[in-house]
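J.: This is what each chain is made of:
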Amino acid sequence: MGLETIVTSLPRLLDGLRVTIGLTVFAVCLGTILGLLLALGRSYGKRALSLFINLYEKIFRGIPLLVIIFIIYFGPSQIGFNLDPFSAAILSLGLRSAAYQAQIFRGSIESIPEGQISASYSLGMTKIKAIRYVILPQVLRLSIPGWSNEFTILLKDTSIAISIGVIELMRQGRYIYVREPDLALAIFLLIAFIYFLLVITTNKSLSYLEKKYRMAGYQTEAHR
Amino acid sequence: MHMLEVKNIHKSYCKVEILKGVSFTMEKGETKVIIGPSGTGKSTLLRCINQLSPPDKGEVWLDGEEVTNPKTNINKIREKIGFVFQDFNLFNHLSALRNISIGLEKVKGIEKEEARKRALEELHRVGLDAQAQQYPAQLSGGQKQRVGIARALAMDPDIILFDEPTSALDPELIGDVLDVMKSLAGKVAMLVVTHEMGFARNVADEIIFMEGGVIVEQGPPKEMFTNAKLARTREFLGRIGALYGEEETGG
Ligand SMILES: Nc1ncnc2c1ncn2[C@@H]1O[C@H](COP(=O)(O)OP(=O)(O)O)[C@@H](O)[C@H]1O
Ligand SMILES: [Mg+2]
Numbered sequence: 001m002g003l004e005t006i007v008t009s010l011p012r013l014l015d016g017l018r019v020t021i022g023l024t025v026f027a028v029c030l031g032t033i034l035g036l037l038l039a040l041g042r043s044y045g046k047r048a049l050s051l052f053i054n055l056y057e058k059i060f061r062g063i064p065l066l067v068i069i070f071i072i073y074f075g076p077s078q079i080g081f082n083l084d085p086f087s088a089a090i091l092s093l094g095l096r097s098a099a100y101q102a103q104i105f106r107g108s109i110e111s112i113p114e115g116q117i118s119a120s121y122s123l124g125m126t127k128i129k130a131i132r133y134v135i136l137p138q139v140l141r142l143s144i145p146g147w148s149n150e151f152t153i154l155l156k157d158t159s160i161a162i163s164i165g166v167i168e169l170m171r172q173g174r175y176i177y178v179r180e181p182d183l184a185l186a187i188f189l190l191i192a193f194i195y196f197l198l199v200i201t202t203n204k205s206l207s208y209l210e211k212k213y214r215m216a217g218y219q220t221e222a223h224r
Numbered sequence: 225m226h227m228l229e230v231k232n233i234h235k236s237y238c239k240v241e242i243l244k245g246v247s248f249t250m251e252k253g254e255t256k257v258i259i260g261p262s263g264t265g266k267s268t269l270l271r272c273i274n275q276l277s278p279p280d281k282g283e284v285w286l287d288g289e290e291v292t293n294p295k296t297n298i299n300k301i302r303e304k305i306g307f308v309f310q311d312f313n314l315f316n317h318l319s320a321l322r323n324i325s326i327g328l329e330k331v332k333g334i335e336k337e338e339a340r341k342r343a344l345e346e347l348h349r350v351g352l353d354a355q356a357q358q359y360p361a362q363l364s365g366g367q368k369q370r371v372g373i374a375r376a377l378a379m380d381p382d383i384i385l386f387d388e389p390t391s392a393l394d395p396e397l398i399g400d401v402l403d404v405m406k407s408l409a410g411k412v413a414m415l416v417v418t419h420e421m422g423f424a425r426n427v428a429d430e431i432i433f434m435e436g437g438v439i440v441e442q443g444p445p446k447e448m449f450t451n452a453k454l455a456r457t458r459e460f461l462g463r464i465g466a467l468y469g470e471e472e473t474g475g
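Chains as they are written, first to last, in this note's numbering: chain A, 1 to 224; chain B, 225 to 475.
Think of the hints as simulated: they come from the structure by calculation, not from any bench. Ideal placement from N, C-alpha and C gives every residue a C-beta, glycine not left out. It is possible that some hints are incorrect.
Unchecked claim - As a list, the in silico SDA-like pairs of lysine to any residue whose alpha-carbon atoms are at most 25 Å apart: (1) B:Lys-330 x A:Lys-58; (2) B:Lys-336 x A:Met-215; (3) B:Lys-244 x B:His-226; (4) B:Lys-304 x A:Ile-131; (5) B:Lys-406 x B:Leu-344; (6) A:Lys-156 x A:Phe-52; (7) A:Lys-129 x B:Glu-289; (8) B:Lys-330 x B:Ser-277; (9) A:Lys-46 x B:Ile-298; (10) A:Lys-129 x B:Ser-319; (11) B:Lys-341 x A:Asn-82; (12) A:Lys-211 x B:Lys-341; (13) B:Lys-304 x A:Ile-117; (14) A:Lys-129 x B:Tyr-359; (15) A:Lys-129 x B:Lys-332; (16) A:Lys-58 x A:Leu-136; (17) A:Lys-127 x B:Gln-275; (18) A:Lys-129 x A:Arg-141.
As the list claims (entries may be wrong) - Some chain A residues close to chain B (C-beta under 7 Å, calculated; not the full set): (19) Gly-115; (20) Ser-118; (21) Ala-119; (22) Ser-122; (23) Met-125; (24) Lys-129; (25) Val-134.
Please work from the sequences and hints to get the whole structure.
T.: Laid out in structure tokens, this is it:
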């Protein structure tokens, strides 16, 4: 019976969930580290660097994720360099997320009053120290709401990795309903529910983080 | 050799010359007050001295080192020049204590526990023992400015530059800040831009009157208040005295 199939297929879905979480974690790390560097480079770097970063952001925000994934997965193989689907998916999701996260971080950087830098310099801090100890800690705190928004978008977008054969949550679901087409809707709903739970729990933990690190008396923008 | 020597400073913003050749000197432990109408370039002058806005022309010397020389390590020099800002510029994400200790730790390389101890001493000096763990947004303006002063003092500077330290404060909070500044007189050199004539009269060794990007007249407070040479100085002192509620300003 259907219910039985669903129950016996749960381990499959959990396998898929593991891969989805893996994709999310790696891609978010890549996106955040690169996004921060891009934001700092754009705000504090030389003009040429700033222009280059601007171009990077425009390109990655201007192309559909599916196209990015195809280019990054199939492109290198044409010149004899094979990327496995999992890595290609992480790279695509991470590079695109970096472009969006750079915008989030830059918004925070620009909202920090000029006086914070002047005060750092007046104590004898170098530019690097001022960024490290004064600007960055404030930027990270201010960015949490926008960042958690981007995090959930990325989490959901990992499902596009199905298109290059990554065996993540959606693909595992597919294995099940291809054999029992009657169950397709039930499986979709189950998968939807799993994503939903994942998003809800991460949002909850992130808003906890936001409260914990909120600068006393310093209002951060509300969740978008 | 003077402790601080400012020689013929010129500074323009967008082709408009703001400072048109400013020169003066200061000695160890001396207090000088700069007065002058708004837009005259007082803040610009202070920012030229510690190179937050490097001058276009002219020299600044501190303890025999040329601050304006590009080869000078400006970060080392800035440790010796405290700066107190009109709008405080405390680090928003740090407690009062950390605002003070961060420079000791990250600039002077003092070990964390020792930096903390020194920061507590500075807080005590400005009367804010109880506020150590509070964040800037939880402090009153007067308390913020006293933390600002403590932050500058902690670096053990030769001179502290004050840019209208009480202008952003409610009148009833100004006294506490001025008291702290008075208590520093003679211990560290202070160059203070202010409209507080009481402070200028009682604490300053010299008053510098600036207008239109130049020093118009300078002298000891007594002389400036009772018998300034120029009519323009007398007029300004009279007006500012009336505005800022100091009893008779003479002239
Ligand atoms: N960063 C800047 N860019 C352009 N103009 C500036 C800048 N800083 C100051 N100015 C101009 O220089 C003049 C003097 O300013 P300021 O030094 O702040 O005067 P004061 O402190 O005596 O009121 C003003 O006209 C101001 O608009
Ligand atoms: Mg000013």
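J.: Could you run down the list of hints and mark each one as holding or not?
T.: Do the hints match the structure? See the list:
For the proposed pair Lys-330 (chain B) and Lys-58 (chain A), the alpha carbon gap of about 37 Å is over 25 Å, so the pair is violated. Taken as a hint, the Lys-336 (chain B) and Met-215 (chain A) pair is honoured in the structure, with Cα atoms around 22 Å apart against an allowance of 25 Å. The straight-line distance between the Cα atoms of Lys-244 (chain B) and His-226 (chain B) is roughly 22 Å, inside the 25 Å bound, and the hint therefore holds. The straight-line distance between the Cα atoms of Lys-304 (chain B) and Ile-131 (chain A) is roughly 21 Å, inside the 25 Å bound, and the hint therefore holds.
For the hint pairing Lys-406 (chain B) with Leu-344 (chain B), the CA-to-CA distance comes to about 20 Å; that is within 25 Å, so the pair holds. Using a Cα cut-off of 25 Å, the hinted pair Lys-156 (chain A) and Phe-52 (chain A) is violated, with the two alpha carbons roughly 29 Å apart. Proximity of Lys-129 (chain A) to Glu-289 (chain B) is assessed by CA-CA distance (about 24 Å); at most 25 Å being required, the pair is judged to hold. At most 25 Å may separate the alpha-carbon atoms for a hinted pair to count; Lys-330 (chain B) and Ser-277 (chain B) meet this at roughly 23 Å.
Annotation: proposed proximity of Lys-46 (chain A) to Ile-298 (chain B) holds, straight-line Cα distance about 21 Å (limit 25 Å). Taken as a hint, the Lys-129 (chain A) and Ser-319 (chain B) pair is honoured in the structure, with Cα atoms around 18 Å apart against an allowance of 25 Å. As the CA atoms of Lys-341 (chain B) and Asn-82 (chain A) are separated by approximately 58 Å, the hinted pair breaks the 25 Å bound. Of the pairs offered as hints, the one joining Lys-211 (chain A) and Lys-341 (chain B) is violated, with about 29 Å between alpha carbons and a cut-off of 25 Å exceeded.
A threshold of 25 Å between alpha carbons decides the hint, and for Lys-304 (chain B) with Ile-117 (chain A) the separation of about 18 Å falls inside it, so the pair holds. This hinted pair checks out: Lys-129 (chain A) and Tyr-359 (chain B) have alpha carbons roughly 21 Å apart, not beyond 25 Å. Of the pairs offered as hints, the one joining Lys-129 (chain A) and Lys-332 (chain B) holds, with about 12 Å between alpha carbons and a cut-off of 25 Å not exceeded. A threshold of 25 Å between alpha carbons decides the hint, and for Lys-58 (chain A) with Leu-136 (chain A) the separation of about 24 Å falls inside it, so the pair holds.
A threshold of 25 Å between alpha carbons decides the hint, and for Lys-127 (chain A) with Gln-275 (chain B) the separation of about 14 Å falls inside it, so the pair holds. A distance of roughly 18 Å separates the Cα atoms of Lys-129 (chain A) and Arg-141 (chain A); the hinted pair therefore holds under the 25 Å criterion. Taking 7 Å as the C-beta contact cut-off toward chain B, the hint placing Gly-115 (chain A) at the interface holds, the least distance being around 4 Å. A distance limit of 7 Å between C-beta atoms decides the matter here; for Ser-118 (chain A) the minimum to chain B is near 6 Å, and the interface restraint holds.
Below 7 Å, beta-carbon pairs count as interface contacts, and Ala-119 (chain A) has one with chain B at about 4 Å; its hint therefore holds. Proximity of Ser-122 (chain A) to chain B holds as hinted, the smallest CB-CB distance being about 4 Å (cut-off 7 Å). A hinted interface residue such as Met-125 (chain A) counts as satisfied when its beta carbon comes closer than 7 Å to some beta carbon of chain B; here the least separation is about 6 Å, so the hint holds. At a threshold of 7 Å, the smallest CB-CB gap from Lys-129 (chain A) to chain B is about 6 Å, leaving the interface hint in force.
Residue-level restraint check for Val-134 (chain A) holds (minimum Cβ-Cβ distance to chain B is 6 Å; threshold 7 Å).
When held up to the earlier numbered hints, the structure conflicts with 1, 6, 11 and 12 and fits the remainder.
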